[in-house]
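Asker: Here the structure of chain A is known, so what remains is to put chain B in place on it, guided by the hints.
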Amino acid sequence: MRALPTLARLAALALLAAFLMRPDWFEPVFRPLTENGAPAIYNQGSLLGLTLAHLGLVALATAGATALAVALAILVTRPFGAEFLPLSRALVNIGQTFPPVAVLALAVPAVGFGATPTLIALFLYGLLPIFENTLTGLTTLSPAVVEAAKGTGMTATQRLARVELPLAAPVILAGIRLSVVIGLATATIGSTVAAKTVGEVIIAGLLSNNLAFVLQGGLIVAVLAVLIYDGFTALGRVAGRWSGGTS
Amino acid sequence: MIELEHVSKRYGETEVVSDVTLTVPPRSIAAIVGTSGSGKTTLLRMINRLVEPSAGTIKLDGVDHRSVPPHELRRRIGYVIQGHGLFPHRTVAQNIATVPALLGWPRAKTKARVDELLTLFQLDPAEFAARYPHELSGGQQQRVGVARALAAGPNLLLMDEPFGALDPIIRAKAQADLLSLQARLGTTIILVTHDIEEAVLLGHRIAVMDAGRVLQYAPPSEILARPATPFVEALVGTGERPFKLLSLKPVAEAVEQGIVEGEPIAASATQRDALAALLWSGRPALPVQSAEGVIIGKVTVAGLSKRAARPE
Chain A
2 MRALPTLARL AALALLAAFL MRPDWFEPVF RPLTENGAPA IYNQGSLLGL
52 TLAHLGLVAL ATAGATALAV ALAILVTRPF GAEFLPLSRA LVNIGQTFPP
102 VAVLALAVPA VGFGATPTLI ALFLYGLLPI FENTLTGLTT LSPAVVEAAK
152 GTGMTATQRL ARVELPLAAP VILAGIRLSV VIGLATATIG STVAAKTVGE
202 VIIAGLLSNN LAFVLQGGLI VAVLAVLIYD GFTALGRVAG RWSGGTS
Chain B
1466 MIELEHVSKR YGETEVVSDV TLTVPPRSIA AIVGTSGSGK TTLLRMINRL
1516 VEPSAGTIKL DGVDHRSVPP HELRRRIGYV IQGHGLFPHR TVAQNIATVP
1566 ALLGWPRAKT KARVDELLTL FQLDPAEFAA RYPHELSGGQ QQRVGVARAL
1616 AAGPNLLLMD EPFGALDPII RAKAQADLLS LQARLGTTII LVTHDIEEAV
1666 LLGHRIAVMD AGRVLQYAPP SEILARPATP FVEALVGTGE RPFKLLSLKP
1716 VAEAVEQGIV EGEPIAASAT QRDALAALLW SGRPALPVQS AEGVIIGKVT
1766 VAGLSKRAAR PE
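If you read the sequences in order, they're chains A and B. In this text, residue positions in the first sequence follow our numbering: the first is 2, and each later residue adds one. In this text, residue positions in the second sequence follow our numbering: the first is 1466, and each later residue adds one.
Chain A on its own, in the form it takes in the complex:
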């Protein structure tokens, strides 16, 4: 019975791959959703190409957000960086409270249409969960463990690399997971400013009143989000295997 969830995920992945490679196979499924002989499968570009571009955009934005958020959290938990804690909290919070649509609207005049404004919006939006989780992970370490790391003669850098970050890794990964899932959904609106994402399919469906397009765009993003979420959960379990499954 324990293999069932894994099998379900593998099936979802296979179905998604099949749909992206050979969309016409699924034509009969979506046909009933169209009216007046409109096309049932998105035909203004490759679904696979859009999906890969979508994933690439989210991966790039999350990688950037992770690098900055983790670096900031490390900085403000060191003795010399503690005074920057309120400032960096404020900065990261602004990134989160600013709606992505507003970021897009403001970024387009500055950097033009295309992927860049979406990248900026996703990057800013992804900072907070990663920063807060890294901060939590680094500040809730057991005092006895930190004391032992010092007492055995580790330098500050060695303590960070060998003890603090590995122990905080499961919590940090949970933050990245949250950012990725938010990013996957948010990236769709990037297509309003001409970024190549699965949002194109949804927007095309809305413009031509084609429910089949809207549904296939939505389904692709939803399945991606579920699979990637599960992937990160599994990764977090590996990073926290030492805890015996309590975290």
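You may find that some hints are simply not true.
Stated by the list, open to error - To give an idea of the interface, some chain B residues facing chain A are shown, with a C-beta separation under 8 Å as derived from the structure: (1) N1513; (2) S1532; (3) H1536.
Said to hold, decoys possible - Here are some chain B residues pointing at chain A (derived, C-beta under 7 Å): (4) R1539; (5) I1546; (6) P1553; (7) H1554; (8) T1563; (9) V1564; (10) W1570; (11) P1571; (12) F1593; (13) R1596; (14) V1766; (15) A1767.
It should be emphasised that the hints constitute simulated quantities derived from the structure, not laboratory data. Ideal Cβ placement from N, Cα and C applies to all residues, glycine included.
Answerer: Only chain B this time, still in chain A's reference frame:
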């Protein structure tokens, strides 16, 4: 040899350790005993520079301990804390290999040392090396903590309430193990405890601390017989004093000539254990048996009660 000379620690206006001077001879155990807030842990942590002294000097084997960077100093000093502080994300073997890894020992040498220590602490390397700390019992975790502290063969071992988290039966075993280990390795140990019983059992010398000051620094028999201040006397506890005095010496030193009936007592047992056995058996005397199993004489209630009296 560890020499503390006029060591003080102030935090702002409060002085938590005041002008402490004491010397721990090589290959001996010094127990620092006091109530919480007496400054005993701060004193210990100043030796490996987890806390920097505000005044005074600390010398290890004649060399000022500030002559090397703190992290290098700490790699040479074993440190055991209450609640063991094992790294939860590292296996038992990786935990023990912490300091060898920092010192850059070759893999084979580290592995051999880890196996040697695990065996010394009665943990089968094949069974325990690959386990994570949460898979061990409290007593096993404590032993791994001590093994980690001893991994690079330090001359000095600092222990802060090392047995505080153990239940009484395991604690007694851990204390006995520490004594035999120290006798075997000859490591100098400085141990902090709030338990005078533990200090009397383990310490060759005991430093009694209160409000940042060392009130008395002397061998246990001296502390028991001639407490320097009313505080020391209260800490020792007058009701238990004769029994604690007896617990310091082995039966071998109280053997009298003569042959008596009864269950023999081992010559290596403490005189306190012998007295307990005598009272419990209801006999005035019991035979004493050497380690080789030979009856070497008897031990009597009368003889022991003389030894339990206040020394002149």
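Asker: Hint by hint, note whether the structure agrees.
Answerer: Tested hints:
1. N1513: holds (7 Å)
2. S1532: Hint violated; S1532 of chain B Cβ to chain A Cβ min 16 Å, cut 8 Å.
3. H1536: Hint on H1536 of chain B: holds, closest Cβ of chain A at ~5 Å, below 8 Å.
4. R1539: Hint on R1539 of chain B: holds, closest Cβ of chain A at ~4 Å, below 7 Å.
5. I1546: holds (6 Å)
6. P1553: Holds - the Cβ of P1553 of chain B comes within 7 Å of chain A, reaching about 6 Å at its closest.
7. H1554: This hint holds: H1554 of chain B lies near chain A, its Cβ roughly 4 Å from the closest one there, short of 7 Å.
8. T1563: holds (5 Å)
9. V1564: Since the shortest Cβ distance to chain A is 5 Å, the answer is holds.
10. W1570: violated (13 Å)
11. P1571: Given a least distance of 19 Å, the restraint on P1571 of chain B is violated.
12. F1593: violated (15 Å)
13. R1596: Status violated, d = 10 Å.
14. V1766: violated (47 Å)
15. A1767: Status violated, d = 50 Å.
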